[in-house]
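Starting from the known structure of chain A, fit chains B and C onto it as the hints suggest.
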Amino acid sequence: MIVASAGTSPFVLPGAVMDGLQVVLLVLVAVLATAVVLTRAPVRQVIVLSSYGLMLALLFLAFQAPDVTLSELTVGAVALPVLLMLALAKVRGQGRERRRDR
Amino acid sequence: MQILPFVVVVWIFAVGLYGVVTSRHLMHLIMCLIVVQSSTYVLLLGVGYRRGAVAPYFSDIPARTPAVDPVVQALALTDVVVEAAVTALLLALAIQAHKRFGTLDPHELVELSG
Amino acid sequence: MTARTRTRVFLAAMAGLAAFYVWGLTGLPGFGSYPGPYGYILDHVAVLQTNATGVVSAINFSYRGIDTLGEEFILFIAATGVSTVLRHLRGEREESAGAAALRAEGPAPSDATRQATVLFVGPVMVMGWFLGSHAQTSPSGGFQGGVILATAFILIYLAGQFLAFRRLSPVPLTDAVGAVGAGGFAVIGLAAVAQGLPYLYNFLPLGSVPGAVSSSGTIALISFFVGVEVAAAFVLIVSELLEQTLLVEAER
Chain A
155 MIVASAGTSP
165 FVLPGAVMDG
175 LQVVLLVLVA
185 VLATAVVLTR
195 APVRQVIVLS
205 SYGLMLALLF
215 LAFQAPDVTL
225 SELTVGAVAL
235 PVLLMLALAK
245 VRGQGRERRR
255 DR
Chain B
214 MQILPFVVVV
224 WIFAVGLYGV
234 VTSRHLMHLI
244 MCLIVVQSST
254 YVLLLGVGYR
264 RGAVAPYFSD
274 IPARTPAVDP
284 VVQALALTDV
294 VVEAAVTALL
304 LALAIQAHKR
314 FGTLDPHELV
324 ELSG
Chain C
4 MTARTRTRVF
14 LAAMAGLAAF
24 YVWGLTGLPG
34 FGSYPGPYGY
44 ILDHVAVLQT
54 NATGVVSAIN
64 FSYRGIDTLG
74 EEFILFIAAT
84 GVSTVLRHLR
94 GEREESAGAA
104 ALRAEGPAPS
114 DATRQATVLF
124 VGPVMVMGWF
134 LGSHAQTSPS
144 GGFQGGVILA
154 TAFILIYLAG
164 QFLAFRRLSP
174 VPLTDAVGAV
184 GAGGFAVIGL
194 AAVAQGLPYL
204 YNFLPLGSVP
214 GAVSSSGTIA
224 LISFFVGVEV
234 AAAFVLIVSE
244 LLEQTLLVEA
254 ER
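Chains as they are written, first to last, in the working numbering: chain A, 155 to 256; chain B, 214 to 327; chain C, 4 to 255.
Don't read these hints as lab results, they were simulated from the structure.
Predicted model only: the values in this text are computed from it and were never measured.
A few of these clues could be false.
Claimed, not checked - Under the rule of at most 25 Å between Cα atoms (straight-line distance), these lysine to any residue pairs were calculated in the SDA-like manner:
1) B:312 to B:302
2) B:312 to B:234
3) B:312 to C:11
4) B:312 to A:246
5) B:312 to A:184
6) B:312 to A:170
7) B:312 to A:208
8) B:312 to A:172
9) B:312 to B:237
10) B:312 to B:238
11) B:312 to B:247
12) B:312 to A:247
13) B:312 to B:233
14) B:312 to C:92
15) B:312 to C:245
16) B:312 to B:242
17) B:312 to C:26
18) B:312 to C:90
19) B:312 to C:88
20) B:312 to C:115
21) B:312 to C:76
22) B:312 to A:197
23) B:312 to C:165
24) B:312 to B:323
25) B:312 to B:299
26) B:312 to B:246
27) B:312 to C:246
28) B:312 to A:239
29) B:312 to A:216
30) B:312 to B:235
31) B:312 to A:188
32) B:312 to C:84
33) B:312 to A:250
34) B:312 to B:322
35) B:312 to C:121
36) B:312 to C:199
37) B:312 to C:198
In isolation and in its complexed conformation, chain A is listed as follows (with noise of 0.2 Å):
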């Protein structure tokens, strides 16, 4: 027999405080990808994407999602900052090498 779960009732924001939050975050993320894209220099542009990135889970966060959240921390915030820094480094370091060899 399936046993029903406790009978808590959920905390929920008052409507006008989570319609708030939501404006907010969404105004922030909006500026923020506008922050991205201007930031020309590959190095620079990535500490603004891991704080894009945390920003984005932020705003999931006000939407009720909290799988998304984790996975947005995880992916955009974290593995896909190192990755971008590996490669380039990777890029960088062949760059020193042809003008030294030049």
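Same frame as chain A, now just chains B and C:
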């Protein structure tokens, strides 16, 4: 508030695409591509949201509480992790392009054919 | 096509997209008023049918299992693609990891970095394992747990121990573990077919308490295999990139 999430989605998409079109460095291009992909996550979650609802996890709340749509969350969840691996493939291609042609400028790479 | 022309074409295309978008937005039900039936159906039915209180993971691994299988294979193929693209080209030589560690060029990580990262390796691994095995109870699952497990290996490299990272995750072993993860998922589906049920049917006993770790049948098992595979894929990708950066260089 009725349409703000969808306006933000198309803004992120357009801004990322502008970065891809006017990019002078392959790594910058790949990061702008990541931004374009992230607009789809916001769209998916914005479509499934229900005002006044909670996250669809019923381990400590009664099973009939109004919850947001779980299907779009499942889609976005696998999406995020898989796109990271595909971005890694793009990075590998960029590294090999740099080895072969010595430059990471998309404009110069186009002229190197033939 | 010059850069100016490209920008002009882009702006024209964006104007067209904006026009269509505004037209589409006028007929939209508005943010927060969710009309569709699937959300309601799944929220009401999933806990009873699968004994899993995490409805998103139940959808990922049971209701929508074959889609997740496809996505997992995309991940697997992308990791294989990185290994293939970064293969040895003519005119390159690779030194062994031991020789590179002896050469040790570049600044060593500071003591603070080393201590902090080494301290965190154990807890991060436990966290990844915890998340990967609790898919059916709370916001967690194989995908997140796998990425966090891979992060633990990256921490070992960040502590300045590239040699230890190489020894702990040699490429053949990582390949084999990733293959076990990807194949395990497919085999669980085939085990259902062997009993005359549809592919990926939830045929294991569902347990009695919804949301316990041992309940929900195949969901927990599939989540474990997915976690193993995602971790192996990411460790493989990072290992390939590190090898390129630190060991491979063009022959002079």
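| message | Please verify whether residue 312 of chain B and residue 250 of chain A have alpha carbons no more than 25 Å apart. | response | With Cα atoms ~12 Å apart, residue 312 of chain B and residue 250 of chain A stay inside 25 Å; holds.
| field | residue 312 of chain B paired with residue 26 of chain C [C-alpha distance capped at 25 Å] | value | 47 Å, violated
| task | Take a quick look at whether residue 312 of chain B and residue 237 of chain B sit within 25 Å of each other, Cα to Cα. | result | 17 Å, holds
| Pair hint residue 312 of chain B and residue 246 of chain C, alpha-carbon separation not exceeding 25 Å | 15 Å, holds
| Agreement of residue 312 of chain B and residue 239 of chain A with the hint, judged by alpha carbon distance not exceeding 25 Å | 17 Å, holds
| message | residue 312 of chain B and residue 242 of chain B were given as a pair; does the straight-line alpha-carbon distance stay at or below 25 Å? | response | 18 Å, holds
| said: Does residue 234 of chain B sit within 25 Å of residue 312 of chain B, going by the straight-line distance between their CA atoms? | reply: 23 Å, holds
| request: Verify the proposed pairing of residue 312 of chain B with residue 247 of chain B, using a straight-line Cα cut of 25 Å. | output: Distance ~23 Å between residue 312 of chain B and residue 247 of chain B Cα, so the pair holds.
| said: Holds or violated: residue 312 of chain B and residue 235 of chain B, Cα atoms, limit 25 Å. | reply: Holds, because 23 Å separates the two Cα atoms, which is no more than 25 Å.
| message | For a C-alpha distance cap of 25 Å, please report whether residue 312 of chain B and residue 245 of chain C respect it. | response | 16 Å, holds
| field | Hinted pair residue 312 of chain B and residue 90 of chain C, Cα distance within 25 Å | value | 12 Å, holds
| message | residue 312 of chain B and residue 233 of chain B were given as a pair; does the straight-line alpha-carbon distance stay at or below 25 Å? | response | Satisfied, since the Cα-Cα distance of roughly 22 Å is no more than 25 Å.
Comparing the model with each numbered hint stated earlier shows that hints 3, 5, 6, 7, 8, 17, 20, 21, 29, 31, 35, 36 and 37 do not hold.
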